[in-house]
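Chain B: place on chain A using the hints.
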Amino acid sequence: MLRLLLLSALLLCTSNSIAGGTGDLGIVIERADSSVQVIETTNNTSLGRIEGLGDLSHASAVYSRDGQYAYIFGRDGGLTKIDIVNKKIVKRIIQSGNSIGGAISQDGRLVAVSNYKPGGVKIFDSETLDLVADIPAEYDKGMLSKVIGLVDAPGQKFIFSLWDAGEIWVTDMSNPAKPQITKFKGIGLNPYDALITPDGRYYIAGLFGEDGMAMLDLWNLDAGVKRILDNYGKGEQKLPVYKMPHLEGWAIAGNLAFVPAVGRHEVLVIDTLSWTEAGRIKVHGQPVFVMARPDGRNIWVNFAVPNNDTLQVIDTQSLKIIKTLTPGKGVLHMEFEPRGEQVWASVRDEDRLAVFDTDTFEQVTSFPAKKPSGIFLTSRAHRTGL
Amino acid sequence: MKKALFTASLFTSLFMTAQITHAEVDAARQNELSYFVKHDCGSCHGMTLKGGLGPALTPELLSLKPKEFLVTTIMEGRKNTAMPPWKSMLSQGDAVWITEQLLNGSLQQTDLAKGQQANDTNPRVKK
Chain A
31 MLRLLLLSAL LLCTSNSIAG GTGDLGIVIE RADSSVQVIE TTNNTSLGRI EGLGDLSHAS
91 AVYSRDGQYA YIFGRDGGLT KIDIVNKKIV KRIIQSGNSI GGAISQDGRL VAVSNYKPGG
151 VKIFDSETLD LVADIPAEYD KGMLSKVIGL VDAPGQKFIF SLWDAGEIWV TDMSNPAKPQ
211 ITKFKGIGLN PYDALITPDG RYYIAGLFGE DGMAMLDLWN LDAGVKRILD NYGKGEQKLP
271 VYKMPHLEGW AIAGNLAFVP AVGRHEVLVI DTLSWTEAGR IKVHGQPVFV MARPDGRNIW
331 VNFAVPNNDT LQVIDTQSLK IIKTLTPGKG VLHMEFEPRG EQVWASVRDE DRLAVFDTDT
391 FEQVTSFPAK KPSGIFLTSR AHRTGL
Chain B
404 MKKALFTASL FTSLFMTAQI THAEVDAARQ NELSYFVKHD CGSCHGMTLK GGLGPALTPE
464 LLSLKPKEFL VTTIMEGRKN TAMPPWKSML SQGDAVWITE QLLNGSLQQT DLAKGQQAND
524 TNPRVKK
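As given, the protein sequences belong to chains A and B, one line each in that order. Under this note's numbering, the first residue of the first sequence carries the number 31, and numbering increases by one thereafter. Under this note's numbering, the first residue of the second sequence carries the number 404, and numbering increases by one thereafter.
Bound conformation, chain A alone:
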C-alpha cells in the first residue's frame, strides 16, 4: 500500500498533471515557422507555441484519444508527437523523405503516415513512435506510388489511395505483426484525396485524372469499388486547377453530401441514398474545403488562388449561398468548434486567426499567428477519419 502511494506520488511529480482537461484545446499549424500554436476555445485565446517541427507546408495532425498528444505530419517526412498540455515535443522522427498526411487507429495505439517519397504507408506505435509496419505502395515492378487519402476505419483498419496507380488499399491492422492488405485496382485516374463517412462505412476518393469519384462500401467489400458522379463534367472543357481540393471529414446534411468540384467554381451535391448528383451550387471560386457545420445546417467553403480571400456559406435546405465573407487573402482552412457555434479560420497572408459566430457571421475575435494553415481541435480525437 505504502509502495503504491509512493509510486503514485512519484507519478504525479513526473507526469505533468493536466490543469483543466483537454476538451477545449487545439493547435494551429504555422506553416512557414516550423511551429504550432496551442489554442483554447472556451475563451478563444492562444496558450503558447511549440517550435522545431520541420517543414510544415501542407502539415496535418491527429490526436491521441486523451487529447493530450497531437501527432504532426510534416512535409519533410517528419512525424512529431507533441504534448499540447505541457507544450513540448515528446518525440520527433524523420520517417520518410516526403509525406502528406496521417491517421490514428480506432484503438489509438497506431499512427499511420502516408508518404510521397518513398511512396507508401508507415505505421508506428503511437506511444513510442517505433515502426510497426512498412507498406510500400508498389503497383508495378519497382514502381512506388505516392499515397494520398489515408484514413482510419472501424475494425482497426487504415485505408488509402495510390495517386500514380489508381488503387485503393484496405489494411487491416488487427494483428499489427501481420497487416492484411486488400487491394482494389483500376479505381480511376489520379485519386487526389479521400474521405470516410462519419459512420466509417463509405470510403470515397476524388479523382483528378477523370470525372467522378470512387466509392468503397466497407460493409460490403466484395462488391468492390463503385463509380459515383461519373457524369460530372463529361464532354466539358477541363479547367486549370490552382490548388488540389481537399476531402476532409464529410460535409453532410440529412441525405445530402457536399463536395468540391475539381477545377470548377461549383460545389457538388450528392444524394447519399442513391449516390447520384442532386445539384450543383455556383460559388465564388474553385472550392478547396467544403465543410459542414456540425449540425449540418450550413456548409462553409474556402477557395483556391486567386479567390482565397473569401469564405462562402451555403444553406443546406435551400442550397443557396446565404453569406459571403472576405476575411483577407490566404484563407487556408476552417475548423468548427465541437458544437458548431463558432468557426476558426486561418488567414495566411494577414498572419492571423479569425473566429466567426456561425449564426450572425460576425467576427468574434482575431489574433496573430504566423502564416497559419491547418487548424485542429481535440474534438477530432473521437471522430472516425479525422
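Certain hints may be false.
[Said to hold, decoys possible] Now the in silico label distances, taken between C-beta atoms and shown as ranges:
1) B/N507 <-> A/T390: 24 to 30 Å
2) B/N507 <-> A/G127: 37 to 43 Å
3) B/K490 <-> A/K118: 29 to 35 Å
4) A/G172 <-> B/P469: 38 to 44 Å
5) B/S509 <-> A/T306: 29 to 35 Å
6) B/G508 <-> A/D381: 25 to 31 Å
7) B/A431 <-> A/I211: 35 to 41 Å
8) A/N73 <-> B/P469: 56 to 62 Å
9) B/G508 <-> A/D301: 36 to 42 Å
10) B/S509 <-> A/L161: 50 to 56 Å
11) A/S204 <-> B/E435: 51 to 57 Å
12) A/T390 <-> B/G508: 36 to 42 Å
13) B/S509 <-> A/G127: 21 to 27 Å
[What the hints assert, rightly or not] The list that follows gives simulated cross-link-like pairs (lysine-lysine, BS3-like), each with its CA atoms no further than 30 Å apart:
14) A/K312 <-> B/K468
15) A/K147 <-> A/K171
16) A/K147 <-> B/K468
It should be emphasised that the hints constitute simulated quantities derived from the structure, not laboratory data. All values reported here derive from a predicted model rather than from experimental measurement. All C-beta atoms, glycine included, are put in the ideal place defined by N, C-alpha and C.
Below, chain B without anything else, positioned relative to chain A:
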C-alpha cells in the same frame, strides 16, 4: 518531324519574348512572386521546393531541362498532370523571372526543413 520543328520554333519565339520581358519585373513584383512561389507553388511542390504532389524544383533537377521548357510549363501547364497553366495570374516576364530564380536556387529555403531533434521521454505512464 513537323512537330519537332514546330516545338523548336515555339521555343525560339518564347526565348525571344523572354529576353524582352525580363527587365520588366520590378522589385515590388519580385517580392510578390517570391511569396507566390513559396506559398502557392509550394502547396504542391513543397515550401522548400523539394517536391510534393508535384516534382522537386531544385536547380539540380531543373537545369536538366531547357529554360524555355520551364517557362512554357509555368505559363501553359503540363497536359495530363496536375500542373495548371498560370498565365491568367502571371505574365511571361513573371514566368521568366521565376524560372531564373528557380534555376539559381535563390527561392529555396534550406534552414526550414531541419526541425528540432527532440527526444524527451513520455511523461505519461503506459496504461
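Going down the list of hints, with the structure as the test:
no. : hint                          : verdict
1   : B/N507 <-> A/T390: 24 to 30 Å : violated (51 Å)
2   : B/N507 <-> A/G127: 37 to 43 Å : violated (24 Å)
3   : B/K490 <-> A/K118: 29 to 35 Å : violated (47 Å)
4   : A/G172 <-> B/P469: 38 to 44 Å : violated (29 Å)
5   : B/S509 <-> A/T306: 29 to 35 Å : violated (51 Å)
6   : B/G508 <-> A/D381: 25 to 31 Å : holds (26 Å)
7   : B/A431 <-> A/I211: 35 to 41 Å : violated (53 Å)
8   : A/N73 <-> B/P469: 56 to 62 Å  : holds (57 Å)
9   : B/G508 <-> A/D301: 36 to 42 Å : violated (51 Å)
10  : B/S509 <-> A/L161: 50 to 56 Å : violated (38 Å)
11  : A/S204 <-> B/E435: 51 to 57 Å : holds (52 Å)
12  : A/T390 <-> B/G508: 36 to 42 Å : violated (49 Å)
13  : B/S509 <-> A/G127: 21 to 27 Å : holds (23 Å)
14  : A/K312 <-> B/K468             : violated (40 Å)
15  : A/K147 <-> A/K171             : holds (16 Å)
16  : A/K147 <-> B/K468             : holds (22 Å)
The structure shown violates the earlier hints numbered 1, 2, 3, 4, 5, 7, 9, 10, 12, 14.
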